[in-house]
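Number of protein chains: 2
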Amino acid sequence: MLYLIGLGIHDEGDVSIKAIETLKKVNVVYAELYTSFFNGDLSVIEKWAGKKINVLGRYDLEEDIDGNVLSNPHKDVALLVCGDPLIATTHADVILRARKKGVEVKIIHSSSIYSAVAETGLQIYKFGKTTTLPFPQGDYFPTSPYDVIKNNHDLGLHSLVLLDVKSEETRFMTVNEGLRLLLRMEDEKKKRLIVDDLSLVGIARLGGDSLIRVGTLEELLDLDFGRPPHSLVVPGELHFTEKDMLDMFRLD
Amino acid sequence: MLYLIGLGIHDEGDVSIKAIETLKKVNVVYAELYTSFFNGDLSVIEKWAGKKINVLGRYDLEEDIDGNVLSNPHKDVALLVCGDPLIATTHADVILRARKKGVEVKIIHSSSIYSAVAETGLQIYKFGKTTTLPFPQGDYFPTSPYDVIKNNHDLGLHSLVLLDVKSEETRFMTVNEGLRLLLRMEDEKKKRLIVDDLSLVGIARLGGDSLIRVGTLEELLDLDFGRPPHSLVVPGELHFTEKDMLDMFRLD
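If you read the sequences in order, they're chains E and S.
Quick note, in the numbering used here, the first sequence goes up one by one and the last residue is 252.
Quick note, in the numbering used here, the second sequence goes up one by one and the last residue is 252.
Looking at chain E on its own, in the form it has when it is part of the complex:
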């Protein structure tokens, strides 16, 4: 059996009781931290589990999974991943490969930005499609996130905008970098979406020492949100309760 276990949104304290109980009984524990940012301490989880955690890199999981996680179909293996498992598409692939080898998979869920974003006070069922801002690389500068946000905005829906994480290079996109990328997209697209007085929500370390700030693009552009991970929300139409909640986080 392969257990795909969520580490939760922020640190080691976000794993569930069920996760710890499972870690105690499996034969081997792996962790994958490269698709996301983990603010916690794996050695604490090792103590709770009573066993060592083997941290995998991108190559281990995407090229050589038969050499580690799936090396013995008769053992009980746990794979720890940040947030809720299966949010990263890599993990769906792990399941499909396990299936092919006849290994059963069980998911142990945990907290994730996808529901935790409601901490901003924006109602979760009023979010449209989510998008991610990738770091530009050379000539690679996709503007599809702009279209996703614009489309949601036209429908009155909120957009959760995830910011790129390159854990292996310890590069984590900040709110400020994200806003500058959106401005660059506006320059290309010119649909008057990303304007100076657009109200935005900048988010850092949700579920930890959460920092949520609401302001115009201009106000947030140089605001320091501190340590990663960061993300953004572009709000759509607001219900009055949402407005009251956002006001709690508004800059003076």
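Bear in mind the hints are in silico, worked out from the structure with no lab data behind them.
Examples of chain E residues toward chain S, derived with CB under 10 Å:
hint, residue
1, 9
2, 14
3, 89
4, 118
5, 157
6, 241
When the alpha-carbon atoms are kept at most 16 Å apart in a straight line, the in silico EDC-like pairs for lysine to aspartate or glutamate are as follows:
hint, chain 1, residue 1, chain 2, residue 2
7, S, 100, E, 247
8, S, 243, E, 93
9, S, 106, E, 209
10, S, 100, E, 244
11, S, 51, S, 41
12, E, 52, E, 21
13, S, 101, E, 244
14, E, 243, S, 93
15, S, 126, E, 147
16, E, 47, E, 11
17, E, 100, S, 244
18, E, 100, S, 247
19, E, 126, S, 147
20, E, 101, S, 244
21, E, 106, S, 209
The C-beta atom is built at its ideal place from N, Cα and C for all residues, glycine as well.
On the provided structure of chain E, position chain S as indicated by the hints.
Here is chain S on its own, set in the frame of chain E:
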């Protein structure tokens, strides 16, 4: 301080280590179970926390919150809620009322259907707006869920369709009831969305003894999904990995 603590998606094992640590140190613990369905055993959490949990009804929380959760601003109080806190709009209201009394609020996140739905293999960032099918009451039969699903579908996006929960009346909408309501909406709207060969995903007890079944509307209409809670997904356009994942759950 008021701690809003998520119970997680299925049972008591889904609460986090952080949640238990917090419950141990607060003065009073309340739980609100009426907006959702809890498959767990609160008495186990009482043992872990070393204190009694006071279960609140709708009146207690929506009319008389000053008489319980907010009765003493100088005490540390925890309020347990199903899933991730703030998914139900009621809890945003609790925060606003706490604020007015000068009570600080801290959120402890947990797993939720909003991210756990990725267990179907459908990619989470390809979901559009979520909708809920309410139980019809007399002449009250809103068809707005149909419009939400239609709109998502036209954009190629998946729709998470939550099914009504009336815990106080122990009524929990089944996949089958949900599908019949969608058929009734099709009868009114006639936009050829809910057709016999539409591929659908029926979900029960996600994060517990999860049952996920993929089939046509016709195939799922009378399929028994067992105990609550249930939900539905109407898939949009499928990436090949999504197709492969859905195939794992397809009826023969």
